[in-house]
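S.K.: In order, the protein sequence lines correspond to chains A and B. Each residue of the first sequence is one higher than the one before, starting from 1 at the first, in the numbering used here. Each residue of the second sequence is one higher than the one before, starting from 1 at the first, in the numbering used here.
Everything labelled a hint here was simulated from the structure, so no lab data went into it. This one's a predicted model, so the numbers in the text were calculated from it and none came from an experiment. Positions of the beta carbon are idealized from the N, C-alpha and C atoms, including for glycine. Misleading hints may appear alongside valid ones.
[What the hints assert, rightly or not] Residues from chain B that keep clear of chain A, each with C-beta distances beyond 12 angstroms, as calculated:
1) Ala31
2) Glu37
3) Thr44
4) Glu56
5) Ala72
6) Met91
7) Lys104
8) Arg122
9) Ser164
10) Ser167
[To be verified] Looking from chain B toward chain A, a few residues come up when the C-beta cut is under 10 angstroms (computed):
11) Leu12
12) Val30
13) Gln87
14) Gly156
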Amino acid sequence: MSARNLPRGALLVLMLAVTALTCATFLISLYVFRAHEALTDRMLASYVQDVAEMFAQSPPQEPEPPPRRMARRMREAEGHNIPRMRRFFRMFAADPSLDSGGLLVLDSEGRLLGGSEGAEKLLPLWGGGVEPGEPVVVTGPDGRSYCMVVRALERGGHVMVAASKTSLLSSYSKLWNFWLFSVMTSSAAMLVGICALWRYFVMPVRRIVEAIGSLRWGTSKPEFERRRAGHVPPLHEVGALEEAVERAAVDAISEKSLRRRYVSDIVQAQEDARRRLARELHDGPLQSVVAAIKRIQLARRASPQGAARENLDEAERVSQYAANEIRDYCDELSPSWAALGIEGALEELAERLSMAYDVTIRVSADDEHGDMPGDCALALIRILQEAVSNSVRHGGAREIDVRLERRGEGAAFSITDNGRGFDGDLLARPDFERMRLQGHRGLSNMHERVQMLGGELEISPASSSPSSPGTRISVFIPYGEDADSVA
Amino acid sequence: MIRILLADDHPLTRAGLVAWIEGEPDFELVAEAADGESAWRAMTGSPPDVALLDIEMPGGNGIEIAERAARAHLPTRVVMLTAYRAQQYVMASIRAGATGFVLKTAPFEQLRMAVVSASEGRFYLDSSVSLAGAGSVEPVELSPREKEVLLLTAQGMQGHRVASLLSITERTVGAHLASVYNKFGAKNKTEAILIALKRGIIFLDELHIDEGDGS
Numbered sequence: 001m002s003a004r005n006l007p008r009g010a011l012l013v014l015m016l017a018v019t020a021l022t023c024a025t026f027l028i029s030l031y032v033f034r035a036h037e038a039l040t041d042r043m044l045a046s047y048v049q050d051v052a053e054m055f056a057q058s059p060p061q062e063p064e065p066p067p068r069r070m071a072r073r074m075r076e077a078e079g080h081n082i083p084r085m086r087r088f089f090r091m092f093a094a095d096p097s098l099d100s101g102g103l104l105v106l107d108s109e110g111r112l113l114g115g116s117e118g119a120e121k122l123l124p125l126w127g128g129g130v131e132p133g134e135p136v137v138v139t140g141p142d143g144r145s146y147c148m149v150v151r152a153l154e155r156g157g158h159v160m161v162a163a164s165k166t167s168l169l170s171s172y173s174k175l176w177n178f179w180l181f182s183v184m185t186s187s188a189a190m191l192v193g194i195c196a197l198w199r200y201f202v203m204p205v206r207r208i209v210e211a212i213g214s215l216r217w218g219t220s221k222p223e224f225e226r227r228r229a230g231h232v233p234p235l236h237e238v239g240a241l242e243e244a245v246e247r248a249a250v251d252a253i254s255e256k257s258l259r260r261r262y263v264s265d266i267v268q269a270q271e272d273a274r275r276r277l278a279r280e281l282h283d284g285p286l287q288s289v290v291a292a293i294k295r296i297q298l299a300r301r302a303s304p305q306g307a308a309r310e311n312l313d314e315a316e317r318v319s320q321y322a323a324n325e326i327r328d329y330c331d332e333l334s335p336s337w338a339a340l341g342i343e344g345a346l347e348e349l350a351e352r353l354s355m356a357y358d359v360t361i362r363v364s365a366d367d368e369h370g371d372m373p374g375d376c377a378l379a380l381i382r383i384l385q386e387a388v389s390n391s392v393r394h395g396g397a398r399e400i401d402v403r404l405e406r407r408g409e410g411a412a413f414s415i416t417d418n419g420r421g422f423d424g425d426l427l428a429r430p431d432f433e434r435m436r437l438q439g440h441r442g443l444s445n446m447h448e449r450v451q452m453l454g455g456e457l458e459i460s461p462a463s464s465s466p467s468s469p470g471t472r473i474s475v476f477i478p479y480g481e482d483a484d485s486v487a
Numbered sequence: 001m002i003r004i005l006l007a008d009d010h011p012l013t014r015a016g017l018v019a020w021i022e023g024e025p026d027f028e029l030v031a032e033a034a035d036g037e038s039a040w041r042a043m044t045g046s047p048p049d050v051a052l053l054d055i056e057m058p059g060g061n062g063i064e065i066a067e068r069a070a071r072a073h074l075p076t077r078v079v080m081l082t083a084y085r086a087q088q089y090v091m092a093s094i095r096a097g098a099t100g101f102v103l104k105t106a107p108f109e110q111l112r113m114a115v116v117s118a119s120e121g122r123f124y125l126d127s128s129v130s131l132a133g134a135g136s137v138e139p140v141e142l143s144p145r146e147k148e149v150l151l152l153t154a155q156g157m158q159g160h161r162v163a164s165l166l167s168i169t170e171r172t173v174g175a176h177l178a179s180v181y182n183k184f185g186a187k188n189k190t191e192a193i194l195i196a197l198k199r200g201i202i203f204l205d206e207l208h209i210d211e212g213d214g215s
């Protein structure tokens with residue numbers, strides 16, 4: 001019975017099932033309540049009818065000596081079996097004070113001959129004109145509703161029986177009503193509870209899960225709607241969960257930015273070291289070799305013939321070679337011309353790389369990058385170096401297209417080759433960490449550099465041809481006044 | 001007599017070059033400088049005919065000095081003297097108003113030609129700055145529109161500004177440039193401009209300094 005084994009929509013199904021059952025209970029209770037009302041009305045009607053019938057059919061009996069107070073009336077009511085009638089009437093109510101109803105005997109002129117205790121209060125119900133027949137519901141002088149029936153007696157006159165449901169069935173009805181009320185109230189409370197649970201717990205938790213799902217850890221903070229508007233979720237637990245998620249996200253951001261700063265420092269230190277080395281090479285060995293060349297050239301002028309001349313020629317050739325080598329080292333270490341504008345720098349580098357690797361490199365750069373910061377330009381240069389080296393060495397590419405264009409607040413840079421391309425697996429889910437471990441350190445370095453500047457790097461096949469898919473490396477690096485909101 | 005200023009921060013190289021200049025009968029070395037500032041002072045004092053400026057120098061590099069000289073309308077012709085072989089430095093030098101670009105390692109004959117050409121106001125570009133189409137001697141004809149587009153681009157104007165100035169689309173500007181590259185056998189803009197300069201299709205005087213940006 002592990003919770004993991006429940007299907008995805010289990011919670012929803014459970015909630016809906018409980019809601020449906022509760023609704024059914026509520027509706028059934030409502031129906032039973034109404035059916036019970038009708039039933040008690042019918043019961044009461046048949047009850048008063050039965051009493052009237054029984055009274056009418058009971059044979060007259062010898063009267064008991066009436067109490068003195070009622071003597072006159074009792075005499076008049078002789079032959080109407082008043083004592084039996086009284087006994088009979090005790091069944092109406094356990095507690096006579098409840099005033100649950102009564103039985104009245106009236107003569108043919110409508111005068112009261114007798115009745116149950118206190119029944120004379122019901123006389124106004126007669127009103128002098130009720131026809132004998134089916135039970136009717138009337139409102140009594142006390143405002144209560146009575147079920148009343150009038151029956152003609154064979155010996156003349158009428159018997160009238162009236163009963164108030166509220167009084168007669170009082171305790172039974174109360175108990176029944178109370179039970180029904182409890183059931184209905186509890187089901188209503190349950191419905192409200194389910195709604196509240198859904199609204200204040202399930203929905204917020206689902207929103208949190210959604211927010212976590214769409215969260216880019218280390219880059220963005222989750223946005224909880226209520227919290228953003230200054231509201232705190234009503235449930236403490238939900239609020240605590242939101243806070244915990246937010247804290248985790250903030251931690252991830254600071255960890256990532258720390259890592260980025262660390263990488264950035266390493267890259268910076270590396271670039272500094274390369275720049276320093278290039279400068280030293282340029283100012284030291286290169287200048288010395290240049291000076292040597294000048295001296296050799298001077299010496300050659302002075303001794304234009306013979307073995308000395310041959311030696312000087314050779315010395316100059318070797319020195320020129322050394323000077324070229326040192327220049328190439330300098331350029332590879334830290335191209336000083338990179339500071340003269342990215343468009344030209346890319347052209348220059350492409351020219352050099354195409355000679356070094358014997359490939360065709362076409363550069364198309366728009367000239368809207370006058371404000372590109374140095375680190376961004378350097379990143380593009382390093383990416384081009386790395387990408388061309390990869391394309392030629394791993395992809396066997398012969399042609400490479402380089403494109404740089406201004407796009408919004410940044411530079412869109414792409415390098416497309418016609419080589420063998422990457423295997424599909426690597427492209428489907430580019431995992432730069434895995435690439436690093438597999439030895440594709442170049443790609444992972446490019447990615448790091450771009451990330452450091454808040455940009456994005458994408459690797460895709462250049463064409464749909466399966467034989468030579470080629471590779472396209474697309475980079476976007478934001479820069480400019482509005483682009484410095486980078487984490 | 002061509003009066004020459006030599007600015008180079010490296011003493012050994014400078015000594016070698018001084019020895020060469022002193023050996024040339026029609027050259028006169030009027031000043032030596034080891035940094036940008038003293039080079040500028042020497043140029044403004046009594047302007048020499050030709051200034052051989054190293055690009056990388058402390059206290060203001062050669063390109064900055066050339067730019068200042070052009071702004072101040074000094075009569076001195078500037079020849080850039082460098083150990084670097086980058087087309088970008090050539091372009092930057094030309095935009096800064098330099099009349100020549102020569103490598104320090106070049107034979108004295110080439111250095112001499114650079115100085116002489118500069119003193120006559122002719123553009124000189126060291127032959128070892130690699131240019132794909134430069135070796136070809138076949139005559140190339142540019143259409144007037146192509147020349148116009150190339151010249152404006154060479155002046156450092158951005159594509160969309162060239163387009164609006166000539167009332168054509170940016171795409172057409174690109175097409176004209178592509179056609180120029182094709183005719184020259186050039187791989188890119190810089191190469192096309194340098195080849196056009198070398199072949200006298202466009203002239204240095206036409207490339208005034210772009211005040212807006214130095215790119």
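S.K.: Each hint: holds or not?
M.R.: Verification of the hints:
1. Chain A leaves Ala31(B) outside its interface by the beta-carbon criterion, the shortest separation being 19 angstroms against a cut-off of 12 angstroms.
2. For Glu37(B), the non-interface assignment is confirmed: its Cβ lies about 18 angstroms from the closest Cβ of chain A, beyond the 12 angstroms cut-off.
3. At roughly 26 angstroms from the closest C-beta of chain A, the C-beta of Thr44(B) stays outside 12 angstroms, upholding its exclusion from the interface.
4. Residue-level check failed: Glu56(B) sits 7 angstroms from the nearest beta carbon of chain A, not beyond 12 angstroms.
5. Listed as outside the interface, Ala72(B) is consistent with that label: its C-beta sits roughly 23 angstroms from the nearest C-beta of chain A, beyond the 12 angstroms cut-off.
6. With a least CB separation of 6 angstroms from chain A, Met91(B) falls inside the 12 angstroms interface cut-off, contrary to its annotation.
7. Consistency note on Lys104(B): stated as away from chain A, yet its beta-carbon is not over 12 angstroms from all of that chain's, at 5 angstroms minimum.
8. Residue-level check passed: Arg122(B) sits 24 angstroms from the nearest beta carbon of chain A, beyond 12 angstroms.
9. With a least beta-carbon separation of about 14 angstroms from chain A, Ser164(B) lies farther than 12 angstroms from that chain, consistent with its non-interface assignment.
10. Chain A leaves Ser167(B) outside its interface by the beta-carbon criterion, the shortest separation being 20 angstroms against a cut-off of 12 angstroms.
11. Interface hint status for Leu12(B): upheld, as the beta-carbon distance to the closest one in chain A is roughly 3 angstroms, under 10 angstroms.
12. A hinted interface residue such as Val30(B) counts as satisfied when its beta carbon comes closer than 10 angstroms to some beta carbon of chain A; here the least separation is about 20 angstroms, so the hint is violated.
13. Below 10 angstroms, beta-carbon pairs count as interface contacts, and Gln87(B) has one with chain A at about 6 angstroms; its hint therefore holds.
14. At its closest, the beta carbon of Gly156(B) sits 8 angstroms from a beta carbon of chain A; the interface hint therefore holds under the 10 angstroms criterion.
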